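Colleague: Sequence:
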Amino acid sequence: MQHAVGSPLPPPHHPGQGPAAGWSPAAHHPGQHPGPAPAPGYPAPPPAPLPPPAGPRHASMPPPPDTTGHVPLPPGGPVAMPSPPQAPAAPDPAGTAIAVLLIGPAGAGKTSVAKYWADHRRVPTAHISLDDVREWVRSGFADPQSGWNDNSEAQYRLARRTCGFAARNFLANGISCILDDAVFPDRPVVGLGGWKRHVGPGLLPVVLLPGLDIVLERNAERSGNRRLSDEEVARIHGRMAGWYGSGLPIIDNSQLDIPETARILDDVLARSIASPPQW
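In UniProt numbering, the protein residues as written are 1 to 279.
Hints in this document: simulated from the structure, not taken from any laboratory. Source: prediction; values computed, not measured. A portion of the hints provided could be inaccurate.
Here are the in silico distance ranges between beta carbons for each label pair [unchecked claim]:
#1 Phe-165 <-> Lys-115: 18 to 24 Å
#2 Gly-140 <-> Leu-216: 27 to 33 Å
#3 Ser-275 <-> Glu-153: 30 to 36 Å
Backbone N, C-alpha and C define an ideal beta-carbon position, used for all residues, glycine too.
Sequences are here, hints too, so could you generate the full structure?
Modeller: Quick look at the structure:
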């Protein structure tokens, strides 16, 4: 019979003898050798201490260097306003960790521009769409198209707070983020105050506002609950016009494709970092 290397061997066992017969302690513990026999009249020296038994790794010992599951994640806090560089050169938003809120009516191209912008940055960047987070609710989803009520408002507020928590955690771990939402300038429930409260004063809002005819064309290409009636689109677009004169940067992307809009967004953000808008 074979035994694992380094484990104690069992004592020799002969018929008619107990398991300890003819077995010295040294044979049970390899590496220990008995000393010379004591002289007559002198007590035998105390036995050498036994090595500690092999057992599981002590909890206080650090894990091996290749062990996963021990990556520290800083908790997210309110996002502070990014500091403009000391050099006279304009800041480069493509290499800066920032949080951006892209505002606009349905059909403005917020999601498409936000995804493209996030995909082409030199630093890790996440895209967070409030509509996507709001639709995480499957059973009992309160669709605002069926009427704005207490349930739809509660689910909207919950989704916005969830987006804010995600943005703060991304920024705390060095990942920029761009959020998109149809924020109204004249409606506090879906206004900027909630975003500022959940993300922080360093959030950079930018309004994407193409012409009504462009918005109607893009809305016609939608399907499911993302497609609105023409009357609803026109009503939302008219209310978004209230952002003019608000002090927030506005991009009219009526004649711009997605890459051009993303490039202009970088220019707008560079100016916002150098001179943050008051909101």
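Colleague: With reference to the structure, classify each hint as holding or not holding.
Modeller: So, going through the hints one by one against the coordinates:
1. Phe-165 <-> Lys-115: 18 to 24 Å: holds, 21 Å
2. Gly-140 <-> Leu-216: 27 to 33 Å: holds, 31 Å
3. Ser-275 <-> Glu-153: 30 to 36 Å: holds, 34 Å
Hint compliance for this structure: every hint is met.
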